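Hey, can you work out the whole structure from these sequences and the hints?
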Amino acid sequence: MEKKGRAAWSSEEIEYLADNLGTTPFPLLIKSFKKWATKNSFPTRTTTAIEVQIHRMTSHSPLSRKCTEDNFTVYELARGLGVHMDRVRVFVRNGKLKPRKVARNQNAVKRKDAIALVLSNPSYFANCDRDNLFWLLENDELVEKVKSVKPSTRGFRRAVRCYAPDGIRVYSGVKEAARANFVSHHCITEAIARNGKSAGMKWEWC
641 MEKKGRAAWS SEEIEYLADN LGTTPFPLLI KSFKKWATKN SFPTRTTTAI EVQIHRMTSH
701 SPLSRKCTED NFTVYELARG LGVHMDRVRV FVRNGKLKPR KVARNQNAVK RKDAIALVLS
761 NPSYFANCDR DNLFWLLEND ELVEKVKSVK PSTRGFRRAV RCYAPDGIRV YSGVKEAARA
821 NFVSHHCITE AIARNGKSAG MKWEWC
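Residue 785 in my numbering sits at position 145 of the sequence shown; the count goes up by one each step and never skips.
Simulated from the structure, these hints should not be mistaken for laboratory data.
Owing to the predicted nature of the structure, the values given are computational and were not obtained by experimental measurement.
Just so you know, even glycine gets a beta-carbon here, dropped at the ideal spot from N, CA and C.
Take the hints with a grain of salt, since some may be wrong.
[Said to hold, decoys possible] With beta-carbon atoms standing in for the labels, derived distance ranges: (1) His826 with Val692: 19 to 29 angstroms; (2) Thr684 with Val789: 38 to 48 angstroms; (3) Asp769 with Glu655: 19 to 29 angstroms; (4) Asn660 with Val789: 25 to 35 angstroms; (5) Thr688 with Asp769: 23 to 33 angstroms; (6) Glu652 with Ser812: 33 to 43 angstroms; (7) Leu668 with Ala820: 28 to 38 angstroms; (8) Val732 with Pro791: 14 to 24 angstroms.
[As the list claims (entries may be wrong)] With a cut-off of at most 25 angstroms between alpha-carbon atoms, the simulated DSS-like pairs for lysine-lysine come out as follows: (9) Lys752 with Lys790; (10) Lys736 with Lys752; (11) Lys736 with Lys790; (12) Lys741 with Lys752; (13) Lys842 with Lys815; (14) Lys787 with Lys750; (15) Lys738 with Lys785; (16) Lys738 with Lys671.
Here it is, written out as structure tokens:
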């Protein structure tokens, strides 16, 4: 329920956010939404209000106010660069990217660490759009430096093992497993991360 004095979100506003989530860097999405809303005579929304609405729409990955221009969640960093979250998570797993504590019970990726990661591993991010790279690097020369490197041919898909009631199944990737079992691939990756279950089945990386 909306608090008194605040206009309820219209279906058009929610549709605009949904259409641009995952394709527009987070800071640019908020800026473009405000401009679009003003142009089309929709209520003025604060940055916090927009963040909260996006959080409701993407509850599997909460957006924290502590994760601002200089701090990102792994999801926000991946979305800003326009890559799959696993593209960033692989560096967290191997220790090349270390989230730092920014608040109680919360870790985040520092902007300077994210920049260092991209510049030291350009082949893994050479396929990113220039606009996405500039969102992080904020320097055209650095963007071109990354884009000049031949993209890595190494895949980021990992085989997944599923412990189903009728036996063990192995899939070549999370998306294949999700399609075969009619579940969201986000649910599977989250189940693996917390060593839990999704759709009543246990999942793990092979």
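Now the hints, each set against the structure:
Take His826 and Val692: their Cβ atoms lie about 20 angstroms apart, and the range 19 to 29 angstroms holds. A beta carbon spacing of about 43 angstroms between Thr684 and Val789 agrees with the range 38 to 48 angstroms that was offered as a hint. For Asp769 and Glu655, the hinted distance range of 19 to 29 angstroms is satisfied, since their beta carbons lie about 23 angstroms from each other. Taking 25 to 35 angstroms as the suggested C-beta distance range, the pair Asn660 and Val789 conforms, at roughly 29 angstroms.
Checked against the hint of 23 to 33 angstroms, the C-beta distance between Thr688 and Asp769 comes to roughly 28 angstroms, which is consistent with it. Look at Glu652 against Ser812: about 40 angstroms separates their beta carbons, and that is inside 33 to 43 angstroms. Between Leu668 and Ala820 the CB atoms are about 36 angstroms apart, so this pair conforms to the stated range of 28 to 38 angstroms. Checking the proposed 14 to 24 angstroms range against Val732 and Pro791 shows it holds: the Cβ atoms sit about 21 angstroms from each other.
Under the criterion of a C-alpha separation no larger than 25 angstroms, the hint pairing Lys752 with Lys790 is consistent with the structure, at around 24 angstroms. For a cut-off of 25 angstroms, the pair hint linking Lys736 to Lys752 stands: about 13 angstroms separates their Cα positions. As the CA atoms of Lys736 and Lys790 are separated by approximately 21 angstroms, the hinted pair is consistent with the 25 angstroms bound. Note on Lys741 and Lys752: the hinted pairing holds, with a Cα-Cα distance of about 14 angstroms set against a maximum of 25 angstroms.
For the hint pairing Lys842 with Lys815, the CA-to-CA distance comes to about 16 angstroms; that is within 25 angstroms, so the pair holds. Distance restraint check for Lys787 and Lys750: the Cα-Cα separation of roughly 22 angstroms lies within the 25 angstroms cut-off, and the hinted pair is therefore satisfied. A C-alpha spacing of about 24 angstroms is found between Lys738 and Lys785, which places the hinted pair at or below 25 angstroms, so the restraint holds. Only pairs whose Cα atoms come within 25 angstroms are accepted, and Lys738 paired with Lys671 is rejected, the gap being roughly 29 angstroms.
The structure shown violates just one earlier hint, number 16.
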